[in-house]
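Chains as they are written, first to last, in the numbering used here: chain A, 1 to 808; chain B, 1 to 283; chain C, 1 to 181.
The reader is advised that the hints may include incorrect statements.
Unchecked claim - Restricting the straight-line Cα-Cα distance to at most 27 Å, the calculated cross-link-like pairs of lysine-lysine (DSS-like) are:
(1) C:K15 / A:K33
(2) A:K286 / A:K133
(3) C:K16 / A:K33
Treat the hints as calculated values from the structure; they're not laboratory data.
The residues making up each chain are set out below.
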Amino acid sequence: MSMIVTRESERQGLTHIGARTVKKDAAALLAGKPLYTNDIVPADVLTLKILHSPHAFARIVDIDTSRACKVPGVVAVYTYKDVPNKRFTLAGQSYPEASPYDRLILDEVVRYVGDEVAIVAAETEDAADRALKLIKVDYDVMEPVLDFTQAKGNPIVIHTEDNYHVNGAWINNDRMHNVVASGLSEHGDLEAAFAECDIVVDETYHTLADAQAMMETFRSFAEIDAYGRITVTSSTQVPFHVRRMVANALDIPQSRVRVVKPRIGGGFGAKQTGCNEIFCAFVTAKTGRPSKIIYTREETLASSNSRHEMQLHVRLGAKNDGTIVAIDLYTLSNQGAYGEHGPTTVGLSGHKSLPLYNHAKASRFAFDVVYSNTMPAGAYRGYGATQGLFAVESAVNELADRLGMDPCEIRLKNLVTPGERLAQYDDNELYSCNAADCLRRAMEMIGWADKPLRQDLGDRVRGLGVALSMQGSAIAKIDIGSVDLRVEETGFYTLSIGATDMGTGCDTILAQFAAEALRCDTDRIVVHGVDTDVSPFDTGSYASASTYLTGMAVLKAAEQLIAELRRRAAGFMGVDVNDVLFDGDTMLAFAPGTLEVPTDGDKPEFSGIYDDVEAIARSYHLAQAAPDAEPVAQMSLIELANKLVAGGDGDCLTAHAAASSPTSPPPFMSGIAEVDVDKATGKVSVVDYVSVVDCGTVVNENLARVQAEGGIGQGIGMALTEDVQYSDTGRMRTRSFMTYKVPTRLDLPNIRVEFAPSYEPTGPFGAKSIGEVVINTPSPAIASAVAHATGNYVRTLPITPEKALFGE
Amino acid sequence: MLKFARYVRAANVDDALEVLRFRKGAQVMGGGIWMRLSDRTYPCVIDLSDCGLNTIEETDEEFRIGAYVTLRDLEVDGRLNAATGNVLATAVHDIVGVQMRQLATVGGSVFGRFGFSDVICALLALDAEVELAEAGRIPLAQFVDMPYELDILTHVIVRKHDYRASYQCLRKAATDFATINACAAYWDGAWHVAVGSRPAKARLLTGDALGVASAKPTADELAHAIEAVRGLKYSSNLWGSERYRRHLAGVLAARAIVDAAPYTSPEAADAARAVCAGEEAIA
Amino acid sequence: MSGNLIDVAVVLNGKKVTASVAPDQSLLAFVRDHGCKSVKCACETTNCGLCTVWLDGRAVLSCAVPMVRANGHEVTTLEGLQAESADFARCMAEEGAEQCGFCSPGLIMNVLAMEREIRDRSVAQGIEPAMPTEDDMNAYLAGNLCRCTGYTSQRRAIRRYMESRFGAASDDAPVRAGEGE
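This is chain A alone, in the form it adopts within the complex (with noise of 0.2 Å):
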């Protein structure tokens, strides 16, 4: 792995990184244009209908399709007999991924309410709903396991199949005492530590497994090109991990199966499961028609994927003035009943909340994750950093509470700076960190100093909650972005991405990232959508990689591209390649010695990654300004274009470039609530949020704001609204938006955030990742407030307002 690493000068002078600029697709979305996967389906598709199943633990004895298969247009019933008996993982991870290997398309065992029982496929929806209620299933009802805190060790066992695999022996995966996966990371000595302190807040926090709730459902469909392969176009975050699990599903070779990313109605991390390609990829493979699955907002809300509920034991020790000395965390992952991202989420409950108080002198993190009968759990933003923030910074909270210290100092007193090594944080060192001047500017937002944690209204009480928040940027190591940059007739630019944007903006960001590193406007880089077939590889839109490490590729590639425009402009104007400048629409050739050469001698000043890391510290290597000095030839773009495409002389240029990263740095965040409650009722409104994010360099300002506003808008949702619930025999209670309930404008504020950008010297001129931190301080911030508030510390969400009146 090669990086280049930056000083924060780079950030001089940019003008289109940190620009408002409007999302390339804006104005197509904004006109109803037909872009979403169940806009574009091929005509004369079949379509698929799912059995799921109403037991939460069974085995199926006799399943009778007979009936079903006379309904007339119905085409087939598909059952556990007919696929193929080989196991997969729908995670979307890099190969070779760290979820087990626990599916089937079909099961003869089914493992939650709303597991895949039968597939329908009819031409159709009407016959295909109809054809579902004649299948006839006789089921051995089994005893569930459904209290994920009974689950380990129970005498029940969920996966008991012969041919379940796991990749890497590093999970502890246990699965026949239904452990997925298990680990302890620890620093110092915790029992000395904890005998130094003078309190210790001891707590349990429990998290729910909350809806990822994008508006667009679940939806693919496949069918069949002129080659024989599969083609699926799917509305994913991770088509390369796609094309992946339908070849193992199908137990086809990869070579066959192609997979097309059109416009995304948002993914949240749902996405990076494979949730229904599997099924019109199979129906499509056995019947070579197309067929399309579009899953409803019940199948979404209960037979796919959601965020991991958790609970997290807390053992939080300090000294009487606030010093925080040692921390214990124990996390306890309910996997649901197959193991998508269980080893991996659990992880980060840890690694992405403890750090913030690195000074500990010692700390433990401890976890398992288990399987238990209820909906699997998968991806969603913050990926267990949520769920550990929650814990963590409620406890810290609490300990400030408990020694009646302001939450803000006790912080500023503990918090992790520039520079330090992370010691559970894999003992990466810390180069870009604002997390204190995040908190400083939230509280001049919300004029902490003038302002009572605790506010007297009468028939409402008033209360003040911050928490911090830290996430990853990219998997360090494991994701891999890549991208080609083409130079095209005319001198415009074909930006190739396997980046997935799910309406994020990627597309745009990273088209920003070429427009600064070629000197044009944006409009000259045509980007677009991800088709495993001609797409350079990239690992996906997942754990805040694509800004980061999506960007670091467009800028080698850029690089990469300009340094060989200038060395076919010089050879066609016949000066040397050392004395040609690009300035972004002209190749300037000067009087030898009028450019500075650029060296790459400058040495990194931190040595900090790995030894097997060669990282140069140096200034990127891009279009820029010409000097005062009088050209002695040019030649346009347009006209090297022109040139390059042409015979002859042409060689259609293409650069190329991928980027890993050695280290994730952190982006960080704080986030201070303001609430209402109301005294007689409980009722929690939130009155002011305000939030200020340190994400590195701002690529677009509008679209960092959104996305720290909307992550916010979510976190709200699951502090106070979204309660995942379910029946006495499993089955999810919550299974529409009448019973899930996201938030509707009437149930946020105005979301305020400011930036407060540190330089990431490993980053794409200094940018780190914002998807996901911003989701992780309403919860504490929130819960913390509503404690100053009421005297009830809510420490299972969501805060209802009856928790909140009468305590838990």
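Following the hints, put chains B and C in place on chain A, whose structure we already have.
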């Protein structure tokens, strides 16, 4: 999804009634909202769109609200709301959204007799009747407890009085179902307090059962009202526990009475509010 | 689909469209079948607002309108309001408020319906149409869910658009994101 095999657009109510009687399983469609949510296939639905039931008529004695008046029409009708303490507008204001309220009908809401109904709760505290094609006029309080019959609700009637009224509810999320809704109205010399979303059907308390006689209730009277309201039956579901609902019903009923009562002196109003404050669980 | 087909005729975006449909086909399915793909389905329970269309000029949820009920009426989708929606679309784009864009058409339909209703009501009352308050706008649009934005950027866009139509209200001056906040 709403599924039906036959559709009859009746020219008038009599025709509709005939179809309802003689076609087995036929159902009158209101806004189609609740019908849509059931997983049933209706053999036949009857549409009353052509029956002229979509207006609010005002006479000297009453407002006649057609069954096909939408909740949105109800919400924005200035005369009706001005005459009834704005409780109808308040009651429907947070039901999902404008686009839904432009479909959902008063008739559908009332005929459905759902426990969570905001419309029924508000109407119940007023002097309201329903008019059925066959059975004629029936007081709403009586209709609410009647079994579903083969009849067609054509109008909801609100008789005019010098109403003082207030509608209060608690929703866990802004446009959610109410955990408890309560409406208090003073008319004809008496207080009428309806409490719904218990989660069973709304109940009306008045007279001795309510224990509030004066137009400007004293602290004692309010305490009686709270006790009376809490004496109703409550149970638990997704929207709240029995215990919370019982507490909340007392709080919201008292708030509705105090909000509606024409207290003239600040002292009296403060005293009344103090009773509500006495209900506060957060010190 | 159930039952015998029924002939329907609607004016869809200004053009007369006739078809034979199942009596219980939804208006949502009908308009999508007739090329109006801007109209989305996202909940099935009338909670999300993504399927908002105008029926005789009033914003309704097309998922809950059986086609037989729309028969004979005028139906408008975003496809038929391209010119009318352009200014608001620009306000949305300039704030980055469309994000994934999936809920945008439904929101646009309801924002334009709100504008229209304000005008119609002021004409009926013989008064000048006035800028709606922040509370009015939130209440009117409460049935339009969005999971991406947290609504704050949408509010900025809606406020800017309404101000361009009705003039700024004196008490809440326009504030762009990041300026003076």
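Status of the hints after comparison with the structure:
Under the criterion of a C-alpha separation no larger than 27 Å, the hint pairing K15 of chain C with K33 of chain A is consistent with the structure, at around 19 Å. Annotation: proposed proximity of K286 of chain A to K133 of chain A holds, straight-line Cα distance about 23 Å (limit 27 Å). The straight-line distance between the Cα atoms of K16 of chain C and K33 of chain A is roughly 22 Å, inside the 27 Å bound, and the hint therefore holds.
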